[in-house]
Amino acid sequence: MPETLRHDVLIIGGGLAGLRAAVAVRDAGADVAVLSKVYSIRSHSGAAQGGVNAALGNHPDGRDDDWQRHAFDTVKGSDYLADQPSAEILAREAPERVLEMEHWGTYFSRFPDGRIAQRPFGGAGFPRTCYAADRTGHQMLHTLYQQCLKREIAFYNEWLLTQVAVHEGRVEGAVALHVPNGEARGVQADAVVVAGGGHGRIYARSTNSYINVGSATAAVFRAGVPLADMEFVQFHPTSLYRTNILITEGVRGEGGFLLNTEGERFMARYAPDAMELAPRDIVARAIQTEIREGRGFDDGYVALDVRHLGEPKIKERLPGIRQIAVDFAGVDPVERPIPVQPAQHYSMGGLACDENGETAVSGLFVVGECSCISVHGANRLGGNSLLETLVFGRRAGERAAQVASSGRAAGAETRLIQSVGEQEREIEALKERPSGERQITLRREMQATMTEHVGIFRDEAGLRTAVDRLAELRDRYGTVVLDHKGRRFNYDLVDVLELRGMLDLAQVTALGALERSECRGSHWRTDHPSRDDQRWLRHSMVSYAGTRRPEVRYKDVVITDYPPQEREY
Amino acid sequence: MTDGQHTFRVLRFDSADDETPAYQTYALEASPGMTVLEALLRIQAEQDGTLAFRYACRGAVCGSCAMMINGREELACRTQVRDASRQGRTVYTGSAREEVEAPGSDAQMITVEPLRNLRVIKDLVVDMEPFFDKLVAVEPWLQPEQAHPPRERRVGPGAWAEAEPYTNCILCACCHSVCPVAEQEPGYLGPAALAQHYRFLADVRDQAGEHRLALVDGDDGVNGCDFAWNCVHICPRGVPPTKGIAKTRARITRERRGDGRQ
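First to last, the protein sequences are chains P and R.
With this note's numbering, the residue at position 263 of the first sequence is 263, and numbering never jumps.
With this note's numbering, the residue at position 216 of the second sequence is 1216, and numbering never jumps.
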């Protein structure tokens, strides 16, 4: 292999957003490679269950649906924090992107007339969510992977992004650690698309894969791209008790009931019209309130009951959920309710970018959960995240291919080789550190702090505690010691390098939550219990400040067609 | 409350060294419901940072953490320590496959080894490249008549049933590890690739039938299968590769007969 690798466009991350971008780059005629810390097919997109939204109008009750209604539901669901032109792009391009997935082979479930089936989802005015049983993410990820194989797109599997190379405001490539042999390498590229996914593992309780730690997000942040709206963290109402594996909203979409210890369908008290299909922020708070007030089981969960749907429907529509409940909780939903509790699920916030995913750094794009375009605002609707990967993955890929053909700066390779050297020296210094704390100690403290103080219900005292503890953990990070000093498959080193980014992201999340003295969408301040449009109808923006505590700045929300209203369901 | 003290006996190896594979044991207090993956992560984080294994989702959907647990292919994230320690009294070593002494009834020992039939790179990490190369060889992408019709292709009730089980494959390679033909014949496409092949052959939207049959018509393809059915029994996702292989073979035979008559 040459000293540095080279591609027109380099994609970081092999989930749905990354692969959709890769296909778009290739189809635009440019050379592209996908670099990922795991084999692409292992990405967390594959765990998505419930579906993908598009106003196809296939459902008998959805004939009057159209993209404008989808855009409105998205904006209302966002508690008016979404940028409305972005939400309109998402909804308008949805049907074409979903149909294209069908054309490429995705196994969408069907209505009897043979068209793609749609199910009701939370916060949606019509049954709009297309699905493949309860394995929609798996089916779509495999389809896009297959399309990449067909196009002979190059994959760098098990490479960890450690640095985005930027020179004079323009991206030049990336430095990555090849995990199998432990060497840092440079990859030159005229455009870089980062699709690094979420970072839910900064919390103790999360539905996310273990690998979702946000290391790519943190690398882009360090390279100079601000993080927006990071205080908006989605807590999914229904994760499996204990393991927190996702139990899809589709279970409620198919008619599942939420019950407390008194056997009451308690959603009647929180969202009398929408009931179990209110948006996620509302249902999560309702469940947490029931648990707090002593109407949860074992003080930690409520019951999700589907027994009345009957075995045939459960088998047909929710086979994966049944399997998960049996394997991980020893409960067959045909016979007993599923024990569920809220858990961190999704980050509405992320790296700031425009409608094509382009950031403040020329040639550097972000897409998918790591980005904040922003379409989800303060609360994301179920079925909109898979859609976002398709719509904005394609847009970012096409734009990146254009940028890549515009030529490159001289001296890039020399600078990249220098950066690789710096990375190698940083790793050597870590290995030479003789004694200190293991990374797991700090990681657990961070996760406990986030779940306890930056969770569903927040207040100033708790958030101050969190900010202080995170600052202390960032100091202690400088003393972390490696147990494994070798090169090959050094997961100890990977964990240590990733922890640094996790602490950065946790700090920005806690700071944003502390500053924002209102309730909006997923961000609920018990000490400021109402929405305050006058003061807070704004995006938070935080830039990297090294070891110093960063400042939170604000940017206006783009409002075009939908004036903010009270949000009722 | 705990599920008690357990001994994890993990086969260690680094292909960069000359040393032979050797077992290393770790003691761990298992909490209730703890999975083998959680146990390995705790061992890695607290006892031995040099231990190498793959993982991602911890929910049995990503296919990363397939390994041998007490002599059987399993996803480590789906296997509870309590269940594993209750299982089989006979364990096999990964390399020699010799029977070793059965642990006593109160020993609570769990043996963890890498998958078989794939080269071990380090500890529980095997070389997946040949596995994915075989997948590419069956052209696992839809080859329809019309690339982009104006709407979705209509698929009537029941038309999905034949191919659907094969779409649930997560490419974990458990089937490849348990396949007796893959053990003997490195060139054999193997149950995972052939199951993906059948997934497209049986897809009512695919029009590349004849071309697809030619891709697997031979001893490295469907003729190589000796119908042990191990793959069907081991698959954590309920995919039945042997069934697909049998149907593909029958179709090849049928089409050849058809050609002969013309």
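It should be emphasised that the hints constitute simulated quantities derived from the structure, not laboratory data.
A couple of the hints might just be wrong.
[What the hints assert, rightly or not] Computed cross-link-like contacts, DSSO-like style, restricted to lysine-lysine with a CA-CA straight-line distance of at most 27 Å:
#1 P:Lys-315 - R:Lys-1243
#2 P:Lys-313 - R:Lys-1243
#3 R:Lys-1243 - P:Lys-485
#4 P:Lys-555 - P:Lys-485
#5 P:Lys-150 - R:Lys-1247
#6 P:Lys-150 - R:Lys-1243
The hints, checked one at a time:
no.	hint	verdict
1	P:Lys-315 - R:Lys-1243	22 Å, holds
2	P:Lys-313 - R:Lys-1243	26 Å, holds
3	R:Lys-1243 - P:Lys-485	48 Å, violated
4	P:Lys-555 - P:Lys-485	45 Å, violated
5	P:Lys-150 - R:Lys-1247	25 Å, holds
6	P:Lys-150 - R:Lys-1243	26 Å, holds
Consistency note: the structure conflicts with the earlier hints numbered 3, 4.
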